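> Just so you know, the protein sequences line up as chains A and B, in that order. Taking the numbering used here, the leading residue of the first sequence gets 4, the next gets one more, and so forth. Taking the numbering used here, the leading residue of the second sequence gets 4, the next gets one more, and so forth.
Note that these hints are calculated values from the structure, not bench results. For clarity, every value in this text was computed on a predicted model and none was experimentally measured. Some hints could be false.
Repeated chains share a single entry, so a pair holds when one copy, or any two copies, can fit it.
Subject to a maximum C-alpha distance of 20 Å in a straight line, what follows is the list of computed EDC-like cross-link-like pairs (lysine to aspartate or glutamate) [said to hold, decoys possible]:
| # | residue 1 | residue 2 |
| --- | --- | --- |
| 1 | Lys411 | Glu196 |
| 2 | Lys121 | Asp358 |
| 3 | Lys164 | Glu392 |
| 4 | Lys121 | Glu133 |
| 5 | Lys364 | Asp204 |
| 6 | Lys401 | Asp290 |
| 7 | Lys121 | Asp201 |
| 8 | Lys109 | Glu196 |
2 protein chains.
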Amino acid sequence: MKNVRVELINTGTEILLGSIVNTNAAWLGNRLFEAGFRVERETVVPDGYAISEAMRESARRADVVIVSGGLGPTSDDVTREALCDVCGVDMHRDEHVAEGLRNYFKRRGISIAECNFKQAMVPDGAAVLENPNGTAPGLVMPASERLPMFILLPGPPSELKPMVERSVMPLLESMVDGDIPRLRVFRLVGIGESDLQDLVDDSLHQVQGLEVAYCARIGEVDVRLVGNEVALKQGEARLLTLAGAYVLRPLGATLERAVVLYLKGLGLKAATAESCTGGLIAKRITDVPGSSGVFEFGWVTYADRAKTEMLGVPAEVLEEHGAVSEPVVKAMAEGALERSGADVAVAVSGFAGPDGGTPEKPAGTVWFAWAFRNGGTVTEMMFYPRDRESFRQMVSQKALIGMLAARKPQAVTE
Amino acid sequence: MKNVRVELINTGTEILLGSIVNTNAAWLGNRLFEAGFRVERETVVPDGYAISEAMRESARRADVVIVSGGLGPTSDDVTREALCDVCGVDMHRDEHVAEGLRNYFKRRGISIAECNFKQAMVPDGAAVLENPNGTAPGLVMPASERLPMFILLPGPPSELKPMVERSVMPLLESMVDGDIPRLRVFRLVGIGESDLQDLVDDSLHQVQGLEVAYCARIGEVDVRLVGNEVALKQGEARLLTLAGAYVLRPLGATLERAVVLYLKGLGLKAATAESCTGGLIAKRITDVPGSSGVFEFGWVTYADRAKTEMLGVPAEVLEEHGAVSEPVVKAMAEGALERSGADVAVAVSGFAGPDGGTPEKPAGTVWFAWAFRNGGTVTEMMFYPRDRESFRQMVSQKALIGMLAARKPQAVTE
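In isolation and in its complexed conformation, chain A is listed as follows (with noise of 0.2 Å):
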């Protein structure tokens, strides 16, 4: 198949601020990719007269530039002008369109400003893409000789997306043919990127065919394959041979989604027993839609006080060891478990930080218990010093991990 080079440019100063996340450009790369389209390079421009350098630039290497943003009414939008500029043409005024934006503050009840008409200028020789929610239709300037084709897009999430499903996919899929490379993702736990790598890569690396990356995020990596059906298929029986026991199921799930339709699957029900991740764990899971068949009851214990009247710890238990200790989140588990009548309780307790912890149990300590309705309770302890949020993400991604080996009470023999 003709690889398709797609590059996109988004325009706009509180982007490049930091004051908005730039979800379009994700939301683009990730529709684009499961189409067969890579993405490949994102620029971010101020409102201006970078953005007609930007173009230029982006026009040297792409078959296809999308430039999201600077198509509405104000002075500092000023993409239409660097089309202009980049192709050489000039601009009229399109009478359909003037019509439109007439109708749409007709139906909203409020006068059109002057400036609003400024959106029904269209560059010469581009076609124009309807907007059912907004005032700036989107263009089309189909390519030339010496330039690529140029899709400009409002940039309000609202438009984009359904601007881009509409009008702007079937465009690009009539570009070419069946035989892509798709991608596939699997999320692993349990082992850290490199270890990972030692394992799998020399294999994968092995399939004709098939790209590999790898991203690590805290307490989870992600493997990426990008291939045709053959050697996906290929990728996918080498990973699941060599490191099936740390993929999450469904293929590519998070693992709270996994963790609720492991324990839906088997017809068994979590309980949580927080201290030191004060309700991330209860959180996570009840992210998940449907959690609710797996997940009734959470404490959030945060005081030794509260341990031992919501989850019956012994004070004297408390006293002796510690909040932080193997016997407090062990009694914290059972305690969750009996009051619950789950099948798995978590307890976890520990130093978050920046303050707090001892000399023996520096912030960065934390202990886990999992009980489990069907036989005993599993104790760990963790050593994790890092920022609060890491630590307290890190301490969930276990908790949630350990859940996994919840089993199913074994019928009784009569």
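Following the hints, complete the assembly by docking chain B onto the known chain A.
This is chain B only, laid out in the frame that chain A set:
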């Protein structure tokens, strides 16, 4: 002052494919802007040769080029090599860094893979920035006659952010004098963006040399003022006079931090009883270091049975009114207040969706109650039919805002 032109290059195929949102760019843009620097362009390139191409292009325009990502131990991490290529230098193994790597792994009780020592390779002439939160050190290549300064940072936000605070900001700040325009951000709750603008915009625009911008998020609005010390002072005074009741204190604080500091200042304690937010309110409170001084007890009563057993909500009230109702949240809040001994307890119960809800109470419906030791329980209903994540964020937002109504108990007159 001399204007320092900064450009940002983020490497990572996973950003271009939309697998991860480029939050580093927003954070860096904002952090640099606070200190008076403006990012003039951001470029995202895939892992591989495109990095050096982008570095060369930025080098032609900028005084400082910050590159994030691609410093890891795997084969697709090639930012170090790109720096050598662009600057025409070799690299050497830095034994001090290698020793640090060995210690990093030893402290965690894991064996070090040979590929990790790739991270001890330092381009000739570059300085090393220590990374206490990961294995990849940062690198600074000083500006030369023909090239700008290059700053190479690790990709994971938990490693990048502390390194920027500790090493990069002091370096950049030493490059400029004091009279640079600064940014001041005010966070407001309880008022929408357009009402706020009606209230303050004219007055703020009368201040000479003051730039004003608004940024709305779920349940809060930022006002961003840019200017020199004099303009900022005037702007702040006007904003506080006109809209002070909505401004979170300390100025610029997040809502959860404002709540924790407010309660701490009055010596009050809070408790949470959550249904649809599933632990998010407790999680947000405990995001704040030192929150253990004001928060001890949290309940996640996701099931009806949990509301009865954990908080004493009468089963017949649940039966008669349903879980999403005023009598139920009232009983939840009052049960939580009583059982925790706190001064204020918030309870929420709603239908987050996408499933659930009834014809009379569709997904998006939520009831709130705040019970105060100091007298009475306040209840409120909201309808906010959005996606699950936005809904839960908005509910936690409103729940926290309501806690700011807690007052110190009156001294009893003898």
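> Look at each hint and say if it fits the structure.
The hints, checked one at a time:
1. Lys411 x Glu196: This pair counts as neither: shortest intra-copy Cα distance 31 Å, inter-copy 52 Å.
2. Lys121 x Asp358: neither (50 Å within a copy, 34 Å between copies)
3. Lys164 x Glu392: For Lys164 and Glu392, the Cα distance is within 20 Å only across copies (12 Å; inside one copy 25 Å).
4. Lys121 x Glu133: within (16 Å within a copy, 52 Å between copies)
5. Lys364 x Asp204: Neither, since 38 Å and 52 Å both go past 20 Å.
6. Lys401 x Asp290: both (17 Å within a copy, 18 Å between copies)
7. Lys121 x Asp201: Between copies, since 14 Å is at most 20 Å while 57 Å is not.
8. Lys109 x Glu196: So Lys109 and Glu196 pass the 20 Å test across copies only (17 Å; inside, 52 Å).
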